[in-house]
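2 protein chains.
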Amino acid sequence: MTIARRSGPDLTEAIMRTTLELGRELGYAKLSIEAIAARCGVGKHTVYRRWSSKGALLLDSLLSLSESALDYPDTGDVVADLRRQIYEAVDLLAGAPRGPLFRALIGEAQRDPGVAAALNERFIVPQADKTVARLEAARDQGQLSPHFDLDLAMAILSGPLYFRLLITQEPLTHEYIDRVLDALFAGMGPRV
Amino acid sequence: MTIARRSGPDLTEAIMRTTLELGRELGYAKLSIEAIAARCGVGKHTVYRRWSSKGALLLDSLLSLSESALDYPDTGDVVADLRRQIYEAVDLLAGAPRGPLFRALIGEAQRDPGVAAALNERFIVPQADKTVARLEAARDQGQLSPHFDLDLAMAILSGPLYFRLLITQEPLTHEYIDRVLDALFAGMGPRV
Chain A
3 MTIARRSGPD LTEAIMRTTL ELGRELGYAK LSIEAIAARC GVGKHTVYRR WSSKGALLLD
63 SLLSLSESAL DYPDTGDVVA DLRRQIYEAV DLLAGAPRGP LFRALIGEAQ RDPGVAAALN
123 ERFIVPQADK TVARLEAARD QGQLSPHFDL DLAMAILSGP LYFRLLITQE PLTHEYIDRV
183 LDALFAGMGP RV
Chain B
3 MTIARRSGPD LTEAIMRTTL ELGRELGYAK LSIEAIAARC GVGKHTVYRR WSSKGALLLD
63 SLLSLSESAL DYPDTGDVVA DLRRQIYEAV DLLAGAPRGP LFRALIGEAQ RDPGVAAALN
123 ERFIVPQADK TVARLEAARD QGQLSPHFDL DLAMAILSGP LYFRLLITQE PLTHEYIDRV
183 LDALFAGMGP RV
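Protein sequences appear in the order of chains A and B. To get our numbering, take the position in the first sequence, counting from 1, and add 2. To get our numbering, take the position in the second sequence, counting from 1, and add 2.
Simulated from the structure, these hints should not be mistaken for lab results. Certain hints may be false.
[As the list claims (entries may be wrong)] Per the computed footprint, the stretches of chain B lying under chain A, defined by three or more beta-carbons under 8 Å from a beta-carbon of chain A, are: (1) 99 to 110; (2) 119 to 133; (3) 140 to 150; (4) 165 to 178; (5) 182 to 189.
[Unchecked claim] Computed Cβ-Cβ distance ranges for the label pairs, DEER-style: (6) A/Thr77 to B/Ala37: 54 to 62 Å; (7) A/Ala139 to B/Pro148: 30 to 38 Å; (8) B/Ser66 to A/Leu67: 41 to 49 Å.
[Claimed, not checked] With the C-beta cut set under 7 Å, the calculated list includes, among others, these residues of chain B facing chain A: (9) Ala40; (10) Val44; (11) Arg113; (12) Leu154; (13) Ala157; (14) Pro162; (15) Pro192.
Just so it is clear, CB atoms sit at the ideal spot from N, CA and C, and this is done for glycine as well.
Make the full structure from the sequences, and use the hints.
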């Protein structure tokens, strides 16, 4: 079977794998749907039928080919469970080899509202729902402040990580994640 | 005096004002040093002698022409003082008319390491220094947890704001800033 004869899910997956492969080789700026289609042995319209833009295709490739659904464990220790899920998400999306592509995608979301919307629908909203569900269970077990504003959960927990990824651009180490979780759970105010 | 005869600080300021004006008219993607130079009545090399790229020029324009140094007041109430400074910073950089240009600049920092470095040197590091100084004073007055990790101050305080600016792209209202400050000072953990 030649590449050109693949169709349906096989072809979709081949296009996404090629997107990540070429993205790593060329970087986001030089990545093009034409080049992806050529390496897959299909016409560019075959790609455009499935994805409206390079950004949408890259987002799908980054998320769909991950080995993990980024679910939270529930061991009964909320800080340990958040830590484990955040390690996994950060290693997957912010580390090598996908990190530079994920950063470029968020850069693209500043220029292309379609990419921003897809990023939220495909990634942020589902992750926020899982985070809130895990924190609700923790609250019921007395492991979370009953006053914590759950609508802020994603912004508070992941904001410091995006700040480092996008602004200071320092490495997102596990040690940094530990320090952020400690600081957020302890709070900035004095305990009286 | 014609525009072309201005030089030194006058010309520098005229170029920066024109950058913001044209940036608002055209958006970041269509903004060019050629167009800025043309509107100022100078050659593009006059602009390139002062700034190495469109991103560096825009960053300088956004920061230098602000009416405020974004200093923290010290009224003795650290939460009130943080709130006032954050309102000011957010209104200046994330609101209309500069917000879209500031977002575009951070997008550019994902592709251009020179823009990322300038953003940190010109804006993030000085703001972090001021924030840490204000929080140290608060700690000395018992208004901050003695255990709070001051190296995380910028990431913890501004991360949730950048998350909203860059990721969910919802408006950065004063009400949102209030909720974030309340949540960060109270902490996520239960008070025991």
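The hints, checked one at a time:
1. 99 to 110: holds (count 5)
2. 119 to 133: Per the Cβ count (3), the hint holds.
3. 140 to 150: With 7 residues in contact (Cβ-Cβ under 8 Å with chain A), the coverage given for the region 140 to 150 of chain B holds.
4. 165 to 178: Contact hint for the region 165 to 178 of chain B vs chain A: holds, 6 residues under 8 Å.
5. 182 to 189: holds (count 7)
6. A/Thr77 to B/Ala37: 54 to 62 Å: Cβ of A/Thr77 to Cβ of B/Ala37: about 58 Å, so the range 54 to 62 Å holds.
7. A/Ala139 to B/Pro148: 30 to 38 Å: Because 31 Å falls inside the window, the suggested range holds.
8. B/Ser66 to A/Leu67: 41 to 49 Å: Since B/Ser66 and A/Leu67 have Cβ atoms about 44 Å apart, the given range 41 to 49 Å holds.
9. Ala40: Status violated, d = 24 Å.
10. Val44: With a closest approach of 28 Å, the B/Val44 hint is violated.
11. Arg113: holds, 6 Å
12. Leu154: holds, 5 Å
13. Ala157: holds, 4 Å
14. Pro162: holds, 4 Å
15. Pro192: holds, 5 Å
Hint compliance for this structure: hints 9 and 10 are not met, and every other hint is.
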